[in-house]
Structure formats: structure tokens, C-alpha cells
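Number of protein chains: 2
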Amino acid sequence: MDDRLTGCSEADLATWRFADAARRLVAGRSAGMTSGAAPGSVLPEALEPLWLPVAVLWERFLRFDPAAPLWPDRDRFAVSSVRMRPLLGAFLRLTGSTAAAPDLTVTGYPAAGVSVGLAGQPVAIAAGMALAEQTLEKRFGQSLVNHRTWLLSGRADLETGLAMEAAMLAGQYHLHRLCVMTDIPPGSVSDPAADMTLNCFQAAGWSVRRIRPAGVAEVAAVLAATLRSRRPVLLAFEGRFPAYIPQPPQGETSGAWVAVTRRGTTLRRSWLRRLTRHRQRAVFERATGGGITDRFTEDWRRLWRGLRRPEELNSDGYLALEFLERLIPESVFLTSAMDAGHAALRPLPVAVRACGAREGAMAGFLNGMTLHGGVRGFGVAALGSADRLRPALRFAAITRQRILCVLAEGAAGAGGVLWQQPEQLAGLRAMKDLAVFRPGSRREVVACWEGALRWEHGPAVMIISPSVSGDPDTEAGLQGGRGDPGRGGYILREAEGGLLNRSVTLLTSGGEAGLALETARLLEARGGCRVAVVSLPCWEIFALQDRDYRDGVLGVAPRAALEAASGFGWERWTGGDGLFIGPEENPRAELNPESVLPDLSAEHCAGRIAHFLRLPSRGRRGAEGG
Amino acid sequence: MDDRLTGCSEADLATWRFADAARRLVAGRSAGMTSGAAPGSVLPEALEPLWLPVAVLWERFLRFDPAAPLWPDRDRFAVSSVRMRPLLGAFLRLTGSTAAAPDLTVTGYPAAGVSVGLAGQPVAIAAGMALAEQTLEKRFGQSLVNHRTWLLSGRADLETGLAMEAAMLAGQYHLHRLCVMTDIPPGSVSDPAADMTLNCFQAAGWSVRRIRPAGVAEVAAVLAATLRSRRPVLLAFEGRFPAYIPQPPQGETSGAWVAVTRRGTTLRRSWLRRLTRHRQRAVFERATGGGITDRFTEDWRRLWRGLRRPEELNSDGYLALEFLERLIPESVFLTSAMDAGHAALRPLPVAVRACGAREGAMAGFLNGMTLHGGVRGFGVAALGSADRLRPALRFAAITRQRILCVLAEGAAGAGGVLWQQPEQLAGLRAMKDLAVFRPGSRREVVACWEGALRWEHGPAVMIISPSVSGDPDTEAGLQGGRGDPGRGGYILREAEGGLLNRSVTLLTSGGEAGLALETARLLEARGGCRVAVVSLPCWEIFALQDRDYRDGVLGVAPRAALEAASGFGWERWTGGDGLFIGPEENPRAELNPESVLPDLSAEHCAGRIAHFLRLPSRGRRGAEGG
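Protein chains in written order, with my numbering: chain A, 1 to 626; chain B, 1 to 626.
There may be inaccurate statements among the hints.
To be verified - If we take Cβ atoms under 8 Å as the criterion, some of the chain A residues that face chain B in the derived model are:
(1) Met196
(2) Arg279
(3) Arg353
(4) Gly373
(5) Pro391
Keep in mind that the hints were calculated from the coordinates and are not lab data. The model shown is predicted, which means the values in this text are computed figures rather than measured ones. Glycine is no exception: its CB is placed at the ideal position from the N, C-alpha and C atoms.
Please put together the full structure from these sequences, using the hints given.
Structure follows, in C-alpha cells:
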């Protein structure tokens with residue numbers, strides 16, 4: 001018999017049986033799988049050292065009430081991989097949870113990470129949950145908020161750069177109610193790679209413990225120490241599960257585990273009593289309830305209408321952040337520390353949590369905060385770092401987390417716009433269920449923020465353009481324009497003679513609206529060409545409009561598109577024969593900020609369009625057509 | 001006067017003057033800039049502690065010959081940001097380099113990192129250079145390969161997850177000829193964030209030194225110790241540059257620094273003597289020369305033709321790796337350690353360097369290896385991790401580095417293909433100058449590899465599909481097909497009656513070719529519909545073909561596209577009115593590998609196309625059209 005079982009107390013033996021029962025549940029399920037089963041259904045070897053620690057945790061420490069799986073002050077228990085989900089399911093079943101199968105919200109955490117593309121994401125998400133808890137505890141006090149986040153993580157997740165970013169931030173933020181449990185290979189002294197990961201967590205300010213094959217008492221002592229830690233904790237367990245666990249003579253043990261969860265019920269009842277007489281009760285319930293109210297929309301629009309001073313007229317998305325902070329007390333703003341020379345990200349007008357150049361973890365935190373609830377996280381970074389946000393955005397898109405990232409475009413350089421982001425917009429728009437907003441005027445900024453906050457299919461990205469203008473043309477004096485920026489696309493300027501009389505429809509977004517309008521004026525001035533300008537601040541919302549609306553905006557005339565980005569994907573709106581005008585000529589500008597392209601001039605754009613439409617040349621021909 | 005200058009020897013004073021001269025060069029340049037200058041032109045505060053160490057390094061340690069800037073055995077000196085490029089330029093000018101301005105290749109390293117999106121990339125690139133050096137040293141010995149990589153890095157770069165990934169791999173690989181120099185804020189004891197970064201590098205197996213304001217002797221001692229280190233080295237310097245450096249009475253010092261670089265000339269001459277009598281001289285020169293020869297193409301095709309056994313007929317991209325290893329001795333294969341359950345990445349048939357779940361650093365290494373030269377790096381990972389490769393691919397695209405990543409699609413599950421990657425293909429195709437290859441048959445595999453190896457505009461990505469087939473239909477018995485997979489797109493099956501008689505052109509790529517052919521057969525069998533199937537294994541190469549060829553392949557009939565991915569971007573080929581058939585219906589499959597979608601059936605596809613073409617219904621109507 002395994003050393004750890006000899007001389008065990010009856011209580012400890014019961015814990016072994018708990019672990020064994022969960023393990024058998026999963027093994028039985030695996031054994032029943034056909035050989036054609038999808039990967040991820042087998043009993044993972046890496047779980048072997050973890051059965052007992054998880055059993056001790058659930059039996060003696062975890063704060064949860066199976067009867068109320070969404071209790072706001074519950075501990076969050078997360079697993080890093082779909083392959084660990086059966087383990088979660090087994091413990092839920094044994095403790096009689098009303099949620100039969102672990103879904104996305106049972107314990108506040110989905111089983112993420114089946115795709116290697118998302119490796120490391122679970123660590124960032126768990127840290128985000130702990131950050132949400134810390135934020136709420138500061139706001140409402142320990143009598144209402146006093147729980148922990150536990151993450152069961154595979155080793156591969158911990159060795160990623162994303163996990164290290166999250167670990168470093170968790171260390172800096174002192175997220176001491178975060179505990180990650182993992183396995184280490186047997187005799188890890190001889191595995192420098194595994195050891196290196198643990199050492200790096202320690203260097204990031206974590207309390208790291210290596211636990212060699214241990215019995216119930218040792219595991220309980222380690223978990224008790226975790227509760228007292230002033231730093232985030234990483235526990236690395238080693239050792240196989242014993243081959244044989246002695247069962248009690250009477251044979252029947254199921255139901256025994258339901259008893260231990262009465263602890264959770266007691267905890268929750270006493271919490272409910274504290275909530276009832278708490279002076280912040282209403283505020284707390286509103287915060288944990290979430291959601292954007294009609295009241296918000298009203299207040300939001302009033303704030304924008306209230307702007308009078310001229311400098312405020314040059315307002316942009318950052319002002320929106322200030323308004324959000326005023327209207328949504330649950331707001332938490334995370335931001336990457338910007339390169340000093342990067343003018344795009346000015347100091348934000350709101351209280352922020354600085355994440356350093358760790359945009360990947362920052363976006364992962366947003367997922368964790370949203371999954372936790374009670375806070376509303378916003379991430380602010382440069383559009384140039386969009387690629388580093390993608391794994392988190394992707395996770396949010398798949399799990400329909402409504403996270404919101406604010407991405408600032410490169411600032412205007414000496415000679416004009418610095419074309420830094422040839423394909424970032426296209427890459428983001430390609431992601432299903434993610435909505436990309438790129439407003440170009442005050443009116444669009446207001447509408448896009450409302451749209452982004454209400455977008456319910458997944459994450460949203462708000463692009464902040466330095467060239468947002470209060471241009472009267474785009475603000476108020478729409479020349480026969482119609483439609484609503486809130487519908488994703490609308491007519492900014494109708495052609496002379498109306499929709500059916502257009503020679504060309506010029507599509508655009510964001511800061512290029514002014515250029516598009518000037519191009520239209522130039523083209524009409526040369527005669528024989530009637531130009532409509534259509535702004536598409538959000539493709540995804542425009543695509544959801546009914547066909548009549550879209551046709552009424554896009555028209556049937558030939559189409560051209562103008563955007564300070566790669567043209568990839570624009571064929572969706574211009575058709576296969578459409579024209580795209582963009583800055584693709586100098587992608588290397590990024591490497592040398594002094595090689596700023598001159599602004600795409602209206603003359604250039606008009607020339608391209610004239611060529612595209614085969615208009616009779618006016619003296620010297622314009623630039624080459626598409 | 002600064003303490004560090006009092007009692008200085010004349011030789012040390014000369015070094016101070018060297019640093020001072022470089023600093024004045026850059027400061028003078030900055031002072032001359034107009035206020036509208038692009039960001040990055042000012043003298044960065046962070047460089048202050050670094051002027052002296054860099055001067056000591058260049059004067060006494062750096063192995064370089066200004067007369068031969070591309071000497072293969074030179075030290076690589078890299079800067080992490082465009083803002084540091086003037087520093088590099090100043091030292092080059094003072095040492096009389098024939099390369100007046102630092103361009104992309106002078107010291108083997110471009111000034112990268114101006115975009116925050118690329119933060120951390122320089123650390124991975126520098127480590128990749130050191131890995132190339134280590135590889136070459138093992139192959140040719142120290143008499144030919146005996147140089148180092150020095151990176152001057154901003155602090156923000158070091159705190160990224162990508163830098164940590166690179167640091168951990170550099171530690172594991174024992175890249176002791178790598179040295180990163182950075183600044184630390186004054187009194188960094190009170191800056192826990194900066195301290196944390198240094199501690200993490202130490203935990204990753206680096207030798208980390210904090211150097212408080214130091215004179216020439218201390219800096220020289222630290223650099224001498226660096227040469228002896230058995231681990232990669234991180235040097236963090238603190239302290240402002242002294243306000244006043246005493247100049248010699250005669251006043252004239254320019255030209256004095258040219259003398260110190262004679263050391264480099266001597267080193268190179270003695271290296272040339274060793275090379276001349278080295279038995280591997282020819283091989284060494286071929287390796288450092290690079291390039292794919294005609295001989296390679298011939299050998300490559302012969303290897304493929306030589307395959308006979310049936311199991312080899314089920315060959316795919318992995319077999320190609322084996323052939324590459326045989327034909328290109330410079331090959332180095334890096335691979336991410338795959339999640340045990342991820343069946344897509346089988347053990348590779350070649351010798352690999354395992355990178356763990358650190359695909360970001362892995363791809364950055366490829367950039368460094370390519371910039372270094374003498375080796376040809378290939379990265380192998382899962383397509384699901386494509387997002388983590390993007391910053392490195394982007395760097396390669398901007399700087400035209402010809403790196404090659406091999407990405408494996410998700411494996412077939414129980415019921416069919418696991419639709420894991422809705423938008424990865426679109427996201428990659430959106431990146432300018434990156435070529436994406438997705439072969440679906442043996443013939444396409446051979447042609448695509450040749451195309452990828454020859455792609456000279458930037459990086460290439462080879463998608464390895466589990467459903468590549470030796471299907472006779474696609475291999476040999478092309479039904480009236482024409483064109484060449486090497487041209488990026490070709491006719492796999494012509495419609496009855498030829499090009500001008502097509503009812504519809506069905507576009508596809510990769511493993512969906514078989515499904516497309518079956519769909520075509522079904523449609524023709526129901527009568528009244530003549531279907532051509534066009535395979536587009538590489539959009540970027542197809543787009544480079546002349547218009548006649550493209551028109552001859554695409555035809556004028558309505559177009560539909562079929563691909564196991566998001567349809568974003570396909571409008572480029574189908575036109576705005578085209579149809580896309582894909583698996584977008586279940587993006588959540590990723591979270592649960594058991595919820596595998598049934599294969600898109602040919603019946604379903606045929607129904608969609610019939611609806612799209614408004615063919616008379618045959619009994620029950622097919623699925624909804626686009």
C-alpha cells in the first residue's frame with residue numbers, strides 16, 4: 001500500500017476516497033470512449049498528482065455552495081484545458097452541484113485552452129478574476145467580498161510568455177488571493193525546464209512551493225498556508241495517485257461528499273445576512289448585476305451635448321473614457337505603458353492600472369474580469385499592438401465575453417499620417433463575432449461607443465483616430481446624407497441627383513471621412529461625376545442591418561473605398577471590381593518614423609477614381625487606377 | 001567634475017571622449033530637428049547610462065571591421081528601437097565604417113521596435129542570432145565561428161512576455177555569447193518593476209549584473225567577465241553621462257577612433273588566413289552565401305518522384321521537412337512542444353530544437369537566424385497558434401526577411417474535420433508581403449514548397465492539412481484542368497464544354513479540393529449545371545500572375561468559394577456577389593473538441609450552389625443560399 005495511506009486518520013482516508021471517486025468517474029468516462037474519440041477525452045497523465053490536492057481543496061477549503069453556483073462571493077475554480085473539464089465535472093457531481101455539467105459560468109470560469117493558440121490565456125484570465133476580486137474588495141470591503149481564485153493549470157500554459165506577463169502583473173498588483181496549482185514531472189530536479197518556470201514565477205513575486213508526493217495532512221497544511229500568503233501562490237505537485245484506496249466496509253460512499261459542502265451553504269447564509277444589513281447593498285447588487293441601462297444612454301448623450309468649449313470640440317475617444325468613468329462606477333481601465341515616443345497614447349484622463357508593455361496579459365485580464373463580474377474592464381493600447389491582443393480577443397469571441405479594447409492609431413507625423421497599421425484593421429475584422437468600431441467624427445464617436453457597449457455577440461474594439469474631427473461637414477451639415485452612424489454605415493454625403501443618380505459611391509471609415517468629402521468635391525467640380533460618400537464606422541453592425549437599408553446606403557453605382565489601411569476585405573463592400581485607395585505603398589514606414597508618407601491627397605484620390613470610372617482625362621491623367 | 005573622471009588614466013579619458021563624441025553627434029542632430037520631427041528623433045533619456053558602456057564595448061571588445069561590415073564572423077550589435085539608431089550611426093561614423101548610415105544589414109541587425117506592437121521582438125531576434133552562431137560554431141568550429149551578439153535594449157522590451165520566452169529559451173540553449181545591455185532607472189532599488197524584470201531573467205538562467213554609475217575600468221571589467229560567462233548575460237546600467245568631459249589640449253580628436261578599429265582589421269585578416277586553409281571552406285562559403293539553387297529544385301523533384309510505397313503516398317508536408325533536411329544542410333527546425341492531445345503535430349521526422357509553448361519567441365528566433373545568415377530556420381507549430389506568430393511575421397514582412405513557418409491544421413476528429421481556425425487564414429492573408437500556401441494534393445505540396453522557398457517578398461507560411469490526398473483526381477487525372485499549382489491558382493477540373501461554357505466556378509484550397517470535386521460531380525449529375533473547380537493554393541502568387549492567366553482560370557461565370565475557414569477576404573476572388581461556403585456556423589467547436597461538426601457534405605455544398613445559381617429545385621430545396 002502507498003506510504004501516504006498507512007496510518008491515515010479516518011477523516012483523511014475519507015478525503016482519499018473523495019479523490020478516488022472523482023478519478024474513477026473520469027476514468028470510467030474515458031474507458032467508455034471509442035477509439036475515434038476527439039483528443040482531450042483521455043484521462044491526462046498530468047492530472048495524476050492533482051487528484052488529491054483538488055479533493056482536499058474542495059472538501060476543506062473551497063468557498064462554494066452547490067445550491068447557488070453563481071453566488072457572487074464564491075471562490076472561482078478554473079481549469080486551464082478542456083482536458084481538465086471532466087475533473088471539474090466529477091467534483092461538481094460528487095458535491096451535488098445543481099449545475100450538472102460545468103458550463104461557461106458554473107464556477108465563473110470556462111475550460112479554456114484546448115487550442116494551443118490560447119496557451120497561457122488561462123493564467124491571464126485567472127489573474128484577471130483575482131484583480132476583479134481585489135477591486136471589489138476595496139470598494140465594498142471584506143464583509144461582502146472575500147473569495148479566492150484557484151487555477152488548475154497545465155505546465156505548458158505556465159511556460160508561455162503570456163503566463164509570465166500575467167504572473168509579473170499579479171506580482172506587482174499583489175494579487176495574493178490567486179493560487180495556481182500545477183503538476184511537475186517526477187524527479188523535477190532533473191528537469192531544468194520545469195524548474196526554470198517555477199523560478200520565474202518566484203522572481204515575479206510569487207510564493208512558489210514544490211510539493212513532493214504528499215498525504216492529506218501535508219496538502220491541507222500547504223493550502224492553509226496559501227490562505228495566509230501575502231503574495232500570489234504557485235503550488236507544484238508531484239507524484240502518482242495510489243493504485244489502491246481502501247474503501248469503508250459498508251461500501252456506500254456516494255452522498256458522503258454532499259455533507260462537506262454544507263460548509264459552503266453556511267458560509268453563504270451568513271454572507272447573505274451581512275449583505276442584507278450592508279449600507280452599500282443596493283450599489284453592490286447593481287454592480288454585480290451588470291448591464292448598460294437606458295439611464296446610461298440618456299446620461300451619456302447629455303454629457304456629449306453639454307460640451308461647449310472649443311478645445312472640447314477636438315474631443316475624441318479619450319474624452320469618452322472620462323465620461324464612462326463618471327457614468328459607470330464599475331469601470332476599471334487597464335493600459336499598456338506606452339513607449340515614450342509614441343504620441344498616440346496620451347496620458348489618459350481616468351484612473352488606470354498600468355500594465356507595462358504587456359498587452360497580451362492586459363487583454364486576458366479583461367476576460368477574467370468579465371467572467372468574474374462586478375467590474376467592467378476596458379483595455380487601452382496602441383493599434384500597433386493589436387496582434388498581441390488577438391488570443392484574448394479570440395477567446396472572448398468564442399466564449400462571447402463582452403470585453404472592450406480601445407486601440408489608438410499612430411499619431412500624425414510631420415508630413416501627415418504615419419501609416420503604421422497596414423493590416424491590423426483587416427486582421428481584426430476577420431475575427432468572427434468581434435466588432436470593430438472606427439469613428440471619424442464626434443457624431444460617430446458617440447454612436448460607436450453606444451454600439452460597442454451594447455455589442456452582445458462578443459468582444460468589441462474601438463479604434464481611436466488622431467484625425468477625428470468636429471468638421472461641420474461630418475457633424476451637422478450632411479449634404480443630403482441620411483442614415484444613422486449607429487447602424488454601422490450611413491450616407492455622409494449624397495450625390496447630386498440622389499441615390500439613383502450616383503456615378504460612384506466612395507466608402508470610407510474613421511479619420512479618412514474628411515479626405516473622402518474633399519475628393520468628392522474635387523470630382524464634382526471637374527464635372528460629369530456625381531459622388532456619394534458613405535461612412536462605415538462598423539462593418540459588423542452594418543452587416544446586421546436589413547438588405548433594404550444596406551442597399552439604400554451602398555447604391556448600385558460603382559464603388560471605391562478609401563482607408564488608411566490594407567485593402568484586404570474591402571471587396572466585401574466594393575465588390576470584386578471595386579477600387580481601393582490606401583497607403584499600401586510604404587509599409588516600411590514603420591521601421592523609420594522619419595519616412596512618413598505625405599498625406600494621401602484629395603487630388604490623388606480623385607485621379608484614381610476618375611481613372612477607375614474612365615472619366616475623360618482633364619489635361620494630365622491622374623495616378624494609375626486599380 | 002564627475003567622480004568617475006578624476007584620476008582617470010589617459011587611455012580611459014580617451015574612451016570617455018569617444019563616448020562624448022558619439023553623444024554630441026546625436027545631440028547635435030537632435031538639436032537641428034524641427035519641432036515637427038517624427039517621434040524618435042530626440043536624444044532618449046534612457047540612453048544616458050549607456051553611452052560609456054557602448055563606447056567601451058566598441059573601443060575594446062566589439063569584433064568588427066569597418067572596412068568589411070558583412071564579415072561573417074563579426075559580432076552582431078543590435079539596437080531594440082529606432083530611437084537608438086542614431087547612437088548606432090554615431091559609433092559607426094566615428095569608427096569610420098564604410099557604411100555611412102546604419103541600414104538593415106550593416107551590423108546584421110535592423111533598428112526594430114518602433115511600433116509598440118513589436119515590443120520584445122528585438123530580444124527574440126538577438127537570441128535567434130546567438131542560436132545561429134551556436135549552430136554554426138558546432139558545425140564549423142571556433143576557428144571560423146567565434147563571435148557574439150550584443151543587444152542594446154529598452155526596458156519596455158525586456159518586460160514583455162515575448163522577451164521572457166526568448167530569455168527562457170536562451171537560458172535552456174545556453175546561448176552564452178548573447179549579451180543584452182539595458183538601462184535601469186536611478187535608484188532602482190525603489191523600482192520593484194524594473195527589479196522584477198532583472199530577477200526573471202536571472203531565474204531564466206541568465207547572468208544578471210546591475211552596474212551603478214561606473215567608470216571605464218569597471219565597465220571594461222564587466223565586459224571582460226561577460227566574455228567568460230557560461231550563461232547569457234544581462235547588464236543593467238545606471239547613471240547619467242557626466243556634464244563635462246575634458247578634451248585634450250590640441251583639440252582635434254576625430255580620426256582617433258579609427259585607430260582603435262584596426263584591431264578588427266587584424267582579427268579579420270587572421271580569420272581569413274584560417275578560412276583559406278580550412279578543409280570546410282567551400283561548405284562554409286556556400287552556407288553563408290545562402291539561396292536556393294537550381295540544383296536544389298532538381299534534387300527536390302527527384303526525391304518526390306522517387307516515392308513508391310503506398311504509405312508514402314499518404315505523404316504530406318512533414319515528408320517535405322525530411323527532404324529539406326537532406327537537401328539543405330543549413331536547415332534548423334524549431335518547433336513548439338505540442339499539447340499532448342493535439343494530434344495535428346506528430347513527432348517530426350527531422351532533428352528539432354524544442355521551444356515549448358513559446359511560438360512567439362520561436363518565430364522571432366527565425367528572424368534573428370535569417371538576419372544572422374549561414375543557417376536556414378524553419379518553425380513548425382499549430383495553425384491555431386498563428387496569432388502568436390504574427391508580430392514576428394509582421395517584422396519579417398516589413399523587413400523582407402524570408403522566414404518560413406509551417407503550421408499544422410487541426411486533425412480530423414471522430415466525425416470529421418475539427419473546424420478550429422475560423423479566421424486564422426484570413427488574418428494571415430491580410431498581412432502584406434506574407435505568402436500563405438495551403439496545398440491539398442501531392443502535386444500542390446511539391447509546388448508550394450518550391451514557391452515558399454523562392455518567395456522573396458517576405459515571410460511565407462505553409463499550412464499542413466491533415467486531409468492532403470493522393471487522390472488520382474487531383475494528382476494526375478485532371479478533368480480538362482490546366483495551369484500549374486506553382487502559379488498559385490489553376491483549374492483542377494474544367495466544366496463540360498470548357499471555360500466559356502461554365503455555369504459556375506467553384507474556388508477552393510487545401511484539403512477541401514476533394515469535397516469541391518465531389519460537389520461538382522453531384523451538380524453536373526443533376527443536369528443543367530457545368531462546374532469548374534479551381535484550386536488556389538497561394539493567393540499571393542496567383543495575384544502576381546498576368547491578367548490573362550488569372551482570367552483564364554477564374555472565368556466569367558458566377559463564382560463560389562469553399563474553404564474550411566472564415567469567408568473573410570474571399571470576395572476578392574468571388575466578387576461582391578459570390579457565394580462562400582464554410583464552417584462558420586460553429587466557432588465554439590474550439591472550446592469543446594467533442595462538438596465536432598459533421599463534415600460539410602458534398603450534398604450540402606451542391607444545395608448551396610444550386611440555390612445560389614437559382615437552379616430549378618430538385619424535389620426538396622437545398623440549404624439556404626448566401
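Status of each hint after checking the structure:
The beta carbon of Met196(A) is positioned within 8 Å of a beta carbon in chain B (closest approach about 6 Å), and the interface hint is therefore held. At a threshold of 8 Å, the smallest CB-CB gap from Arg279(A) to chain B is about 36 Å, leaving the interface hint violated. Checking Arg353(A) against chain B by beta carbon gives a least distance of about 13 Å; that is not within 8 Å, so the hint is violated. Of the supplied interface hints, the one on Gly373(A) is violated, with its beta-carbon coming no nearer than about 20 Å to a beta-carbon of chain B, more than 8 Å.
About 5 Å separates the beta-carbon of Pro391(A) from the nearest beta-carbon of chain B, less than 8 Å, and the hint is met.
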